[in-house]
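Enquirer: Okay, here's what each chain looks like letter by letter:
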Amino acid sequence: MTFSRSIYRVLIAIKANCRGKTILDCTRNNSSRFAICLELERETIITVSDMTKKFGRKIILSDINLKINQGDAIAFLGRNGCGKSTFLKIVAGLMPFEKGKVTYCKKLKFGYVPERFPAMNLTMKDYISQIGRVLGLQKEDVNERSKQLFEELFMQDMIDTPIRYLSKGTLQKMAVVQAFLTTPDVLLLDEPISGQDITSQQVFIEKVNHLNHELGVTILCSCHEDYMVKAIAKSVYEISDGKLCQIKHTGRSEFDNLCKLLFVKKSEYKNDDILAIPQSVQSISVKPEQYEGREVAIYVLPSESDRVIRDMLHENFELRGLNDERLF
Amino acid sequence: MMKDSFDKLRCLFYLVRHHGSVFSGKVRSLPPLVLWIFTLYQIFDPPIPSTLIQGYVAAAMWLFFAMVWFGYLFLSDFDMTTEHLLILQINSRLLYVISKILFLTVVCFAISLLGALYPIIMDFAFGIIGLTLIADGVRLSDFFGALLLNFTVGTLGVSVAFLFHPNPSKNSDSFITLIMLVMFALMAFIKHQIFNFEGLFRYLLLIFTPVYEILRLFSDKSVFTVGDLAMTAIQGSIYFSIAMMLGYWLYSRRVYGPLLAKPESG
Numbered sequence: 419m420t421f422s423r424s425i426y427r428v429l430i431a432i433k434a435n436c437r438g439k440t441i442l443d444c445t446r447n448n449s450s451r452f453a454i455c456l457e458l459e460r461e462t463i464i465t466v467s468d469m470t471k472k473f474g475r476k477i478i479l480s481d482i483n484l485k486i487n488q489g490d491a492i493a494f495l496g497r498n499g500c501g502k503s504t505f506l507k508i509v510a511g512l513m514p515f516e517k518g519k520v521t522y523c524k525k526l527k528f529g530y531v532p533e534r535f536p537a538m539n540l541t542m543k544d545y546i547s548q549i550g551r552v553l554g555l556q557k558e559d560v561n562e563r564s565k566q567l568f569e570e571l572f573m574q575d576m577i578d579t580p581i582r583y584l585s586k587g588t589l590q591k592m593a594v595v596q597a598f599l600t601t602p603d604v605l606l607l608d609e610p611i612s613g614q615d616i617t618s619q620q621v622f623i624e625k626v627n628h629l630n631h632e633l634g635v636t637i638l639c640s641c642h643e644d645y646m647v648k649a650i651a652k653s654v655y656e657i658s659d660g661k662l663c664q665i666k667h668t669g670r671s672e673f674d675n676l677c678k679l680l681f682v683k684k685s686e687y688k689n690d691d692i693l694a695i696p697q698s699v700q701s702i703s704v705k706p707e708q709y710e711g712r713e714v715a716i717y718v719l720p721s722e723s724d725r726v727i728r729d730m731l732h733e734n735f736e737l738r739g740l741n742d743e744r745l746f
Numbered sequence: 004m005m006k007d008s009f010d011k012l013r014c015l016f017y018l019v020r021h022h023g024s025v026f027s028g029k030v031r032s033l034p035p036l037v038l039w040i041f042t043l044y045q046i047f048d049p050p051i052p053s054t055l056i057q058g059y060v061a062a063a064m065w066l067f068f069a070m071v072w073f074g075y076l077f078l079s080d081f082d083m084t085t086e087h088l089l090i091l092q093i094n095s096r097l098l099y100v101i102s103k104i105l106f107l108t109v110v111c112f113a114i115s116l117l118g119a120l121y122p123i124i125m126d127f128a129f130g131i132i133g134l135t136l137i138a139d140g141v142r143l144s145d146f147f148g149a150l151l152l153n154f155t156v157g158t159l160g161v162s163v164a165f166l167f168h169p170n171p172s173k174n175s176d177s178f179i180t181l182i183m184l185v186m187f188a189l190m191a192f193i194k195h196q197i198f199n200f201e202g203l204f205r206y207l208l209l210i211f212t213p214v215y216e217i218l219r220l221f222s223d224k225s226v227f228t229v230g231d232l233a234m235t236a237i238q239g240s241i242y243f244s245i246a247m248m249l250g251y252w253l254y255s256r257r258v259y260g261p262l263l264a265k266p267e268s269g
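Residue numbers (the numbering used here), protein chains in the order written: chain A, 419 to 746; chain B, 4 to 269.
What the hints contain is simulated information worked out from the structure, not anything from laboratory work.
Don't take every hint at face value.
[Said to hold, decoys possible] Below, a list of computed lysine-lysine pairs in the DSS-like style, where the Cα atoms sit at most 25 Å apart:
id, chain 1, residue 1, chain 2, residue 2
1, A, 524, B, 224
2, A, 557, B, 224
3, A, 543, B, 224
4, A, 527, B, 11
5, B, 11, A, 586
6, A, 527, B, 29
7, A, 543, A, 472
8, B, 11, A, 525
[Stated by the list, open to error] Cβ pair distances, simulated, as ranges:
id, chain 1, residue 1, chain 2, residue 2, range
9, B, 179, A, 565, 44 to 50 Å
10, A, 559, B, 252, 34 to 40 Å
11, A, 521, B, 255, 15 to 21 Å
12, A, 633, B, 241, 46 to 52 Å
13, A, 627, B, 252, 37 to 43 Å
14, B, 234, A, 498, 54 to 60 Å
15, A, 476, B, 94, 54 to 60 Å
[Stated by the list, open to error] Chain A side only, calculated, beta carbon under 7 Å to chain B, not exhaustive:
id, residue
16, 527
17, 532
18, 536
19, 548
20, 551
21, 555
22, 568
23, 623
24, 629
25, 633
Please read all numbers here as calculations on a predicted model, not as lab measurements.
Backbone N, C-alpha and C define an ideal beta-carbon position, used for all residues, glycine too.
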């Protein structure tokens, strides 16, 4: 039996058993096994047609067309003020627009992580407890769920602090907690990690991916961080001059195959603005990402990691983390 | 269906509680209430008006302004992000707006109750030291009549505040809406002095809150009658309902737009 006939039989079997799925690709690997890539034909849940939004005379979004399917994870990029947040709000029905139409397949439940969580006199614990009850959860369920989220995001010491006294990063985590109390149909993320510490960012990304992969929640994310886009988005759009353009897919699969190395510059170095990453490392790594506190994340192929670590240590960097796990 | 309605009611209850806990901690909520208590103290401090009813009518007028003020402060206190979060969480803009109105109505009822009870409590306190505050004594009908009068006039104040609260997305408009709010509240009392319309034209004045018409029903009365109270309730509830619907329509249109998508089959 030839290889092609084997594939043909498998394809027939899949077609028979997986209605509504499209076979995208079929490849054979070294060990004579073959992988078949399938894509579910997912339901379009939101359709944006010829939508135009103006602020005064200025056109922010012009004739935008977009179909959002269930289970999509879309990132919207663009410079500050280009209309990313506005677009998210319009999709959620929170903002009027001048022209066009937004239609939903059914009454959708939206979750929302705003860019700035409002300051108020309530403590975090009281706020989450009250919102949980508004959402229809039992008191015990709210307490249990919020306790888990507070612990995961390292907030348990601050739950009795009034929200108005919290830092920007903690407020953002607060926004994340309230959004994760229940499972929405669509989760809107408006620059959700710009103030969070790195460990919380990782927890956040894991949670978002869990919602997207396991529960089929549609993710719409406005952000600037490249690693966030790579970690979450399946498709990426850029908003520029009021237009929405799909840009190169930088999807998770490419990112997942890479090894993430987290380095910190040794303290005796005073020049924090630009971390001198060796040219040899820059040439073989995916774009390095510089964080606050002289930290830098570098994504490389596992086969190249030894060489990169050696070069970085030579340049007075310390290795702090490997594949999202902190060494110390 | 029943479960859905019950869920909505429960959601409404917790939303009202949430509004209460967020707003009650703010100092800005106090001045209208202080104004109201000071007014009660002034009106029912001896010598009190010729009859208890006249005292209640004078107090109701100030309650209208106190509720306009309180309603304005409460409705203009929310920032857009809080509002968006709550609307998305409950998945209903109407329910959110109803919860805000309900919160104001609950506050209105509480301070109406205080207004109705205040002279009775003071009369009792004066009685302990051997003095009489209210010569004719207090009837049960006085208490319930005053409660209804206060509550009706107070909710009319809420309706004015709801009609003219600033659009949260356009801060530049807030001063203009404040001026309009004050003018509209004052017109409730002086409309007949300013506009001397005859015939059918005088019905145009019904655009303004019917506080003057309601208070005039009791201007020369010494007891609350069922007819006057029924007329008060009818006028008040009709105006309140229309103002709320108009206010919700204006608010939705300006803040969230007419094109807010409705579920359609994909």
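Enquirer: Please go over all the hints and tell whether each is borne out by the structure.
Expert: Verification of the supplied hints:
no. : hint                         : result
1   : A:524 with B:224             : 58 Å, violated
2   : A:557 with B:224             : 52 Å, violated
3   : A:543 with B:224             : 53 Å, violated
4   : A:527 with B:11              : 15 Å, holds
5   : B:11 with A:586              : 34 Å, violated
6   : A:527 with B:29              : 31 Å, violated
7   : A:543 with A:472             : 39 Å, violated
8   : B:11 with A:525              : 16 Å, holds
9   : B:179 with A:565: 44 to 50 Å : 47 Å, holds
10  : A:559 with B:252: 34 to 40 Å : 37 Å, holds
11  : A:521 with B:255: 15 to 21 Å : 18 Å, holds
12  : A:633 with B:241: 46 to 52 Å : 49 Å, holds
13  : A:627 with B:252: 37 to 43 Å : 42 Å, holds
14  : B:234 with A:498: 54 to 60 Å : 59 Å, holds
15  : A:476 with B:94: 54 to 60 Å  : 31 Å, violated
16  : 527                          : 6 Å, holds
17  : 532                          : 5 Å, holds
18  : 536                          : 5 Å, holds
19  : 548                          : 5 Å, holds
20  : 551                          : 4 Å, holds
21  : 555                          : 10 Å, violated
22  : 568                          : 18 Å, violated
23  : 623                          : 22 Å, violated
24  : 629                          : 16 Å, violated
25  : 633                          : 18 Å, violated
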